[in-house]
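Colleague: Residues per chain, in single letters:
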Amino acid sequence: MIDFAHVSKRYDGRPVLDDVSLSIAAGSFVALVGASGAGKTTLLKAVNRLIEVDQGMVAVNGRDVADQPAVRLRRQIGYVFQGVGLFPHMTVAQNIWLVPRLAGMAAAGRAQRVADLLAMVSLPEELAGRYPHQLSGGQAQRVGFARALAAGPSIMLMDEPFGALDPVTRGDVGPAYRALHDQMGLTSLLVTHDMAEALILADRVIVLGAGRILADMPPRALLRARGEPTINAMIDAARASAARLEALAREA
Amino acid sequence: MIGGVSWPELARLAQAHLFLSGCAVLAAVLIGLPVAILAAHDRRVRAPLLGIISLLQTIPGLALLALFYPLLLFLARATGWPIPALGFLPALLALGIYALLPVVRNGVAAIQGIEPVLVEAAHGLGMSRWQRLRLVELPLGAPVILAGIRTAAVWTIGTATLATTIGQSSLGDLIFSGLQTEDWQRVLVGCVAAAALAILVDAMLALVETGIAGRSRRRLGAGLAILIAALAMTLAPVSDGRASTGRLVVIGAKNFSEQYILAQLIEERLRAAGYRTQRRDNLGSAIAYRALAAGDIGVYVDYAGTLWANVLRRTDTPDGDTMLKALAQELERRDKVRVLGPLGFENAYAFAMIRARAQALEITTLDDLARIAPRLRLGTDLEFLNRPEWQAVEEHYHPVFRAMRPYSPTFMYRALADGAVDVISAFSSDGRIVALDLVTLDDPRGALPRYDALLLLNGGAADDPRLVAALQPLIGAISIERMRGANWMVDRDENKRTPAQAAQWLSGEIDRTR
Numbered sequence: 005m006i007d008f009a010h011v012s013k014r015y016d017g018r019p020v021l022d023d024v025s026l027s028i029a030a031g032s033f034v035a036l037v038g039a040s041g042a043g044k045t046t047l048l049k050a051v052n053r054l055i056e057v058d059q060g061m062v063a064v065n066g067r068d069v070a071d072q073p074a075v076r077l078r079r080q081i082g083y084v085f086q087g088v089g090l091f092p093h094m095t096v097a098q099n100i101w102l103v104p105r106l107a108g109m110a111a112a113g114r115a116q117r118v119a120d121l122l123a124m125v126s127l128p129e130e131l132a133g134r135y136p137h138q139l140s141g142g143q144a145q146r147v148g149f150a151r152a153l154a155a156g157p158s159i160m161l162m163d164e165p166f167g168a169l170d171p172v173t174r175g176d177v178g179p180a181y182r183a184l185h186d187q188m189g190l191t192s193l194l195v196t197h198d199m200a201e202a203l204i205l206a207d208r209v210i211v212l213g214a215g216r217i218l219a220d221m222p223p224r225a226l227l228r229a230r231g232e233p234t235i236n237a238m239i240d241a242a243r244a245s246a247a248r249l250e251a252l253a254r255e256a
Numbered sequence: 022m023i024g025g026v027s028w029p030e031l032a033r034l035a036q037a038h039l040f041l042s043g044c045a046v047l048a049a050v051l052i053g054l055p056v057a058i059l060a061a062h063d064r065r066v067r068a069p070l071l072g073i074i075s076l077l078q079t080i081p082g083l084a085l086l087a088l089f090y091p092l093l094l095f096l097a098r099a100t101g102w103p104i105p106a107l108g109f110l111p112a113l114l115a116l117g118i119y120a121l122l123p124v125v126r127n128g129v130a131a132i133q134g135i136e137p138v139l140v141e142a143a144h145g146l147g148m149s150r151w152q153r154l155r156l157v158e159l160p161l162g163a164p165v166i167l168a169g170i171r172t173a174a175v176w177t178i179g180t181a182t183l184a185t186t187i188g189q190s191s192l193g194d195l196i197f198s199g200l201q202t203e204d205w206q207r208v209l210v211g212c213v214a215a216a217a218l219a220i221l222v223d224a225m226l227a228l229v230e231t232g233i234a235g236r237s238r239r240r241l242g243a244g245l246a247i248l249i250a251a252l253a254m255t256l257a258p259v260s261d262g263r264a265s266t267g268r269l270v271v272i273g274a275k276n277f278s279e280q281y282i283l284a285q286l287i288e289e290r291l292r293a294a295g296y297r298t299q300r301r302d303n304l305g306s307a308i309a310y311r312a313l314a315a316g317d318i319g320v321y322v323d324y325a326g327t328l329w330a331n332v333l334r335r336t337d338t339p340d341g342d343t344m345l346k347a348l349a350q351e352l353e354r355r356d357k358v359r360v361l362g363p364l365g366f367e368n369a370y371a372f373a374m375i376r377a378r379a380q381a382l383e384i385t386t387l388d389d390l391a392r393i394a395p396r397l398r399l400g401t402d403l404e405f406l407n408r409p410e411w412q413a414v415e416e417h418y419h420p421v422f423r424a425m426r427p428y429s430p431t432f433m434y435r436a437l438a439d440g441a442v443d444v445i446s447a448f449s450s451d452g453r454i455v456a457l458d459l460v461t462l463d464d465p466r467g468a469l470p471r472y473d474a475l476l477l478l479n480g481g482a483a484d485d486p487r488l489v490a491a492l493q494p495l496i497g498a499i500s501i502e503r504m505r506g507a508n509w510m511v512d513r514d515e516n517k518r519t520p521a522q523a524a525q526w527l528s529g530e531i532d533r534t535r
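Same order as they appear, the protein sequences are chains A and B.
Quick note, the first sequence lines up with residues 5 to 256 if you use the numbering used here.
Quick note, the second sequence lines up with residues 22 to 535 if you use the numbering used here.
Quick caveat, the hints were computed from the structure, so don't treat them as lab data.
There may be inaccurate statements among the hints.
Covered, in the sense of this in silico footprint (three residues per stretch, anywhere, with C-beta under 8 Å from a C-beta of chain A), are these stretches of chain B [stated by the list, open to error]:
# : region
1 : 118–132
2 : 144–150
Which stretches of chain A does chain B cover? Using the computed rule of at least three CB atoms under 8 Å from a CB of chain B, they are [to be verified]:
# : region
3 : 67–79
4 : 85–99
5 : 102–109
Each residue gets a CB set at the ideal place from its N, CA and C atoms; glycine is no exception.
Isolated chain A, as found in the complex (with noise of 0.2 Å):
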């Protein structure tokens, strides 16, 4: 459970967040959508520390960030974001029993909860010996995940996680993930900008432009409700595209 109480937060004067306020139940998937400089970072990164708000609170299971020591927040929630961030100096195991190995946690059954981890992902246990330059993109996200969610995390962060995969990987990491957070009944956070994405991944879309939250519902309820221009641009947009893929399948 996560909650945003009148959180702000300004850059050289600008505000990136004003006066948010919002609760996440526990179990939920939420994406941000926004246009870029909407806050929709700030506000995920206000949850592990990456950012400190300048004023109001961020809890997690009703707890305060800001009382606790960032450096174990961090580590008990799971963290994805575009870059992927693999060590290149580790290998792809090493890199996914990372959090394990900052908590200080025993290494035996390390290689058990790897291949583990792996297979949750999708991916053969053979990487586990890779270097993440011998990776694809797909695979290394996928690593990223499995990174994230080693040690057992109830909250995932994810900050445009599918950004930078090819068009068919997103189609199927997207996807992959959204089976695991039920399986495993985790609370996901995911910025995104491509409204499709969002729409058919999540169970409650947020919008957020210049700080606030423009719309907050389910997307079947988006996608009924028209209200400010700019969101009707992108749900217009995401429609659009899909309607223009349909038309040529029929002709095909």
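Position chain B against the provided structure of chain A, taking the given hints into account.
Modeller: Chain B alone, transformed into the frame defined by chain A:
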């Protein structure tokens, strides 16, 4: 033997050189890396710190080495601790500071150059500061950090040749003594040996670097093992076949042939008397006396006029015997330095002319010279016209020359021989006076101060009667002709001898007439 340098001597100097350089680089890494890590993470520290280190780097290496002498001397006096101001310690400090810049600059660049996505991952996964350093920054920055250490090592091995000037043995001993005696083979051996050392160490560090970059433990291990073995070898004593158990006496010498010859002569006499000896050659003129007074060296030869003007800061020119007596009293009282006695010759400024020309013009004294000076051209060394000696000559004789031209010493003699000048400011013990058949002019008005060569002992050495007895035979035994002869053996271009050979000849001459 190679280029007139014996293998044991070369091995001993290379060993001292490598040990000094190794310690300096090690010190720079041990201090520089933590500093670099600190600076990489803190913008407020970074700019001023890199500024200060760059500034230190702009001080010429020679000056940096020289500055540590008075600094350590001051520290030793202020604290009362026995801090050695000459030799290894100041050399280590100066070279360590020199090696600091590449280590710190590359260290900062290494850590700042880590890809932002990896920094974000390190933060996002919950690494503590120490974990970030150990798991990410150091392993990923290692190649750049190592490149900095390689630069530092090559610089240090090159610059360590200058340690000779503050009395620390290094391959620079060959270069400096070779330069002074114009023994180019010796200079070349020193240069090539230092360069070879630098290339070898650089190659080993390159092996370590590729070992880290390619994650090859074998290369990394091999490079490190060879480096560690090399450093360990510098700690092993090299036997030069002179091992002895007597008391250690340190002999100082300034940076010219006569001083090397005399230091060698003193060394031979002390060894014969059962002492262990060590040389501190190429001491700066100002440093030599202070090193004696501070006890860093036990014995060396200096000149009456130099001590009178530079140590006692006297500007008057009393007659010779008065000066010698006052010197002996004053040095004993002030610094417990004993003037054992004059060796028997002077190394003074003297006006010299080609013998035939002086006879033709009927010149034998400075009075004669002044009379026809308007027809003559004067050649001097680079500093003479700014020295008190020249002022005194002007005051006493009022010579007005047709032209006055400063030269470096070698060219000054050549100019006289070629007829480009008619008279020069020579040094009276210079071997070229005999070789070129020059006459030195008399100074009837006593304008030029006495420059008797004096054998000086510090308090400790002076209190050892056996040591005094060993050196006593040298007092009054070296005439100006003998010294000129010995100097000429070393300074001439053909059939050149080493200072050791000249000292041996001089020693034979002294024994022959005793």
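Colleague: Take the hints in turn and mark each one as holding or not.
Modeller: Results for each hint:
A count of 0 residues in the region 118–132 of chain B with a Cβ less than 8 Å from any Cβ of chain A is obtained; the coverage claim is therefore unmet, three being the minimum. Counting residues of the region 144–150 of chain B whose beta-carbon sits less than 8 Å from any beta-carbon of chain A gives 6, enough to reach three: the coverage restraint holds. For the region 67–79 of chain A, the proposed coverage by chain B is satisfied: 6 residues have a C-beta within less than 8 Å of a C-beta in that chain, meeting the threshold of three. Coverage of the region 85–99 of chain A by chain B holds in this model, with 8 residues showing a Cβ closer than 8 Å to a Cβ of that chain against a need of three.
Chain B is given as covering the region 102–109 of chain A, and this holds because 4 residues of the stretch bring a CB closer than 8 Å to a CB of that chain, at least three being needed.
Checked against the numbered hints above, the structure violates only hint 1.
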